[in-house]
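**Student:** One-letter residues, chain by chain:
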Amino acid sequence: MKPAKFDYEKPRHLDDAAKLLAGANGEGKIIAGGQSLGPILNLRLAQPALLIDVRGLTELSGVKEERDAIVYGATTTHAAIEDGRVPDAANGLLRKVARGIAYRAVRNRGTLGGSLAHADPAADWLNVMVLLDADIELFSARGKRSVRATALVDGPLSTVIGADEIVTSIRVPKLSPKARWSYYKFNRKPGEFAEAIAALVVDEVRGLARGIVGATAAAPSPIADARPFIGAFDPTKAAHAVTAAGFLAGSYEYQVHLVALKRAVMQLSS
Amino acid sequence: MKTISITVNGKPAQASVEPRTNLADFVREHLHLTGTNIGCEHGVCGACTIEVDGGPARSCIAYAVACDGATVRTIEGFAADATMHALREAFSAEHALQCGYCTPGMLITARDIVLRLPDADDGRVREELAGNLCRCTGYVGIVRAIRRVLEQNKL
Ligand SMILES: Cc1cc2nc3c(=O)[nH]c(=O)nc-3n(C[C@H](O)[C@H](O)[C@H](O)COP(=O)(O)OP(=O)(O)OC[C@H]3O[C@@H](n4cnc5c(N)ncnc54)[C@H](O)[C@@H]3O)c2cc1C
Ligand code: FES
Ligand code: FES
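Chains A and B are the protein sequences, given in the same order.
Mind the numbering: the first sequence is residues 265 to 534 in the working numbering, read in order.
Mind the numbering: the second sequence is residues 1306 to 1460 in the working numbering, read in order.
It should be emphasised that the hints constitute simulated quantities derived from the structure, not laboratory data.
Being a predicted model, the structure only gives us computed values, none of them experimental.
Glycine included, C-beta positions come from ideal geometry on N, C-alpha and C.
It cannot be assumed that every hint is accurate.
[Stated by the list, open to error] Calculated lysine to any residue pairs in the SDA-like style (CA-CA distance at most 20 Å, straight line):
(1) A:K266 / B:S1321
(2) A:K274 / B:T1308
(3) B:K1307 / A:R276
(4) A:K293 / A:T423
(5) A:K269 / B:G1428
(6) A:K269 / B:K1459
(7) A:K266 / B:M1306
(8) A:K269 / B:A1320
(9) A:K360 / B:A1425
(10) A:K269 / B:M1306
(11) A:K266 / B:E1323
(12) A:K453 / B:V1448
(13) A:K274 / B:E1323
(14) A:K269 / B:P1324
(15) A:K266 / B:K1459
(16) A:K266 / B:H1347
(17) A:K442 / A:A473
(18) A:K283 / A:K438
(19) A:K293 / B:H1347
(20) A:K360 / B:P1423
(21) A:K274 / A:L314
(22) A:K293 / B:R1431
(23) B:K1459 / B:A1435
(24) A:K453 / B:E1323
(25) B:K1307 / A:K360
(26) B:K1307 / A:R319
(27) B:K1307 / B:G1344
(28) A:K360 / B:V1448
(29) A:K328 / A:T423
(30) A:K438 / A:G407
(31) A:K269 / A:T322
(32) A:K453 / B:R1429
(33) A:K360 / B:G1428
(34) A:K360 / B:T1308
[Said to hold, decoys possible] So the derived list for chain B, only partly shown, Cβ under 8 Å to chain A, looks like this:
(35) A1320
(36) S1321
(37) G1348
(38) T1414
(39) Y1444
(40) G1446
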């Protein structure tokens, strides 16, 4: 289908983008890669009056390396991460995950910030950023603020990002060089959204051992203490983690999430 | 309406477009380049895949206004391209098409695989092709055709 009519602006500066968004009275939408918004517009599930393209904003592009973190501009594409054109804060986890998102033609345009703002529960970056305890930096005409990825999602496809706020960057804490991770995405075809995700990260230097059960109804479900899953699979703890993620024992969803967790555990120990 | 300047198949084009015009409709209806096909219109099938700024992109979910200043190549723009020539021959030799609806998008993706992943094996080729649906061939011929060109390039 074809989208309903909309206006389009491509501002040069972040300030102007924020003003346009604030002035649109809830009828404006940011567009970055358009790889989630495009389908939604084409299906007329959303009919905004104005699209504000942020791909030209220098404030949202590029990557900054800090001592303990890497700060990715919101318009960093999945393909740039896949290709290693930007540094990987998580010892190869980001590169691996990027390659499994959609298809190359989608990865060339889709962005980190767009994926997080869209917050599909099955989206890969949402799950990774919760796992890594990243911060999402926001800007609006009211000012700047930062939200933790763990507090980003407040419902299915819903986030705490205000209607007037723009994601500017994502601050990902660095893993130490010896840290290990695993990420298991269950889907029927490469490039599809996940039916189940499970991921673990162990970083002795940072005293960190946690995980997530993802592709839930809304936010990824944290595993605060992943030690029972290092080098061994604790079935009782696993059942608990999958139940805590909202799945009914015996259901198909429960089963695929349990298997995803098991495979993430196997990946970590291999 | 918005005025855009865009280079398509080496020729600069200026046009006035509605912001909701996607790039596929733009090349087909404004420039009469009908080699690009449209299937699902939501990014899933790959029929509309064309090259934008050197890499494959879905032209059904890229709006023409958002491609102002871009360099675009549609399947018509590869007539003199050596890799595309080799792929066309290989597609023909390996029976990699029947109705041909998926083929323009398939060829753009195939060319990206050949140039970006020179060491791809069958598994990797299939993984990379997951975003281009073919309702006729069953993919065997397509995978063989791409492998044929990958192998030729190693000689
Ligand atoms: C066929 C297909 C398969 C896919 N498979 C997967 C998959 O397996 N895994 C996966 O994770 N994703 C998948 N995706 C989604 C893809 O990753 C998108 O690129 C991504 O979700 C959105 O990024 P975008 O830059 O294209 O955002 P857009 O589509 O431009 O925007 C998405 C939403 O975010 C908002 N937004 C965008 N940027 C900002 C910003 N800077 N600040 C505030 N709001 C913003 C927009 O207003 C909109 O609501 C798939 C997409 C397609 C078409
Ligand atoms: S028509 Fe664009 S991906 Fe199907
Ligand atoms: S040849 Fe008919 S869809 Fe591929």
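**Student:** Could you run down the list of hints and mark each one as holding or not?
**Tutor:** Against the structure, the hints:
1. A:K266 / B:S1321: Given pair A:K266, B:S1321 holds - Cα atoms ~18 Å apart, limit 20 Å.
2. A:K274 / B:T1308: holds, 13 Å
3. B:K1307 / A:R276: holds, 17 Å
4. A:K293 / A:T423: holds, 14 Å
5. A:K269 / B:G1428: Violated, at about 42 Å.
6. A:K269 / B:K1459: violated, 50 Å
7. A:K266 / B:M1306: holds, 16 Å
8. A:K269 / B:A1320: holds, 18 Å
9. A:K360 / B:A1425: holds, 16 Å
10. A:K269 / B:M1306: holds, 11 Å
11. A:K266 / B:E1323: holds, 12 Å
12. A:K453 / B:V1448: Distance ~16 Å between A:K453 and B:V1448 Cα, so the pair holds.
13. A:K274 / B:E1323: Answer holds: A:K274 to B:E1323 is near 14 Å, not above 20 Å.
14. A:K269 / B:P1324: Satisfied, since the Cα-Cα distance of roughly 8 Å is no more than 20 Å.
15. A:K266 / B:K1459: Measuring from Cα to Cα gives roughly 44 Å; hence the hint is violated.
16. A:K266 / B:H1347: Cα-Cα ~10 Å, so holds.
17. A:K442 / A:A473: Distance of about 13 Å is within 20 Å: holds.
18. A:K283 / A:K438: With Cα atoms ~34 Å apart, A:K283 and A:K438 exceed 20 Å; violated.
19. A:K293 / B:H1347: Holds. A:K293 to B:H1347 sits at ~18 Å (cutoff 20 Å).
20. A:K360 / B:P1423: holds, 19 Å
21. A:K274 / A:L314: Roughly 11 Å separates the two Cα atoms, so the pair holds.
22. A:K293 / B:R1431: Since the Cα atoms of A:K293 and B:R1431 sit roughly 36 Å apart, the hinted pair is violated (cutoff 20 Å).
23. B:K1459 / B:A1435: The given pair, whose Cα atoms are some 24 Å apart, is violated under the 20 Å limit.
24. A:K453 / B:E1323: With a Cα-Cα distance of about 35 Å, the restraint between A:K453 and B:E1323 is violated, given a limit of 20 Å.
25. B:K1307 / A:K360: Violated - the C-alpha atoms of A:K360 and B:K1307 are around 39 Å apart, more than 20 Å.
26. B:K1307 / A:R319: holds, 17 Å
27. B:K1307 / B:G1344: violated, 26 Å
28. A:K360 / B:V1448: It is violated: about 23 Å lies between the C-alpha atoms, which goes past 20 Å.
29. A:K328 / A:T423: Since the Cα atoms of A:K328 and A:T423 sit roughly 25 Å apart, the hinted pair is violated (cutoff 20 Å).
30. A:K438 / A:G407: violated, 27 Å
31. A:K269 / A:T322: violated, 28 Å
32. A:K453 / B:R1429: Roughly 13 Å separates the two Cα atoms, so the pair holds.
33. A:K360 / B:G1428: holds, 16 Å
34. A:K360 / B:T1308: violated, 40 Å
35. A1320: At 14 Å from the nearest chain A Cβ, B:A1320 fails the 8 Å test, so the hint is violated.
36. S1321: Hint on B:S1321: violated, closest Cβ of chain A at ~13 Å, above 8 Å.
37. G1348: With a minimum Cβ separation of about 5 Å from chain A (threshold 8 Å), the hint on B:G1348 holds.
38. T1414: Result: holds, 7 Å to nearest chain A Cβ.
39. Y1444: violated, 12 Å
40. G1446: violated, 20 Å
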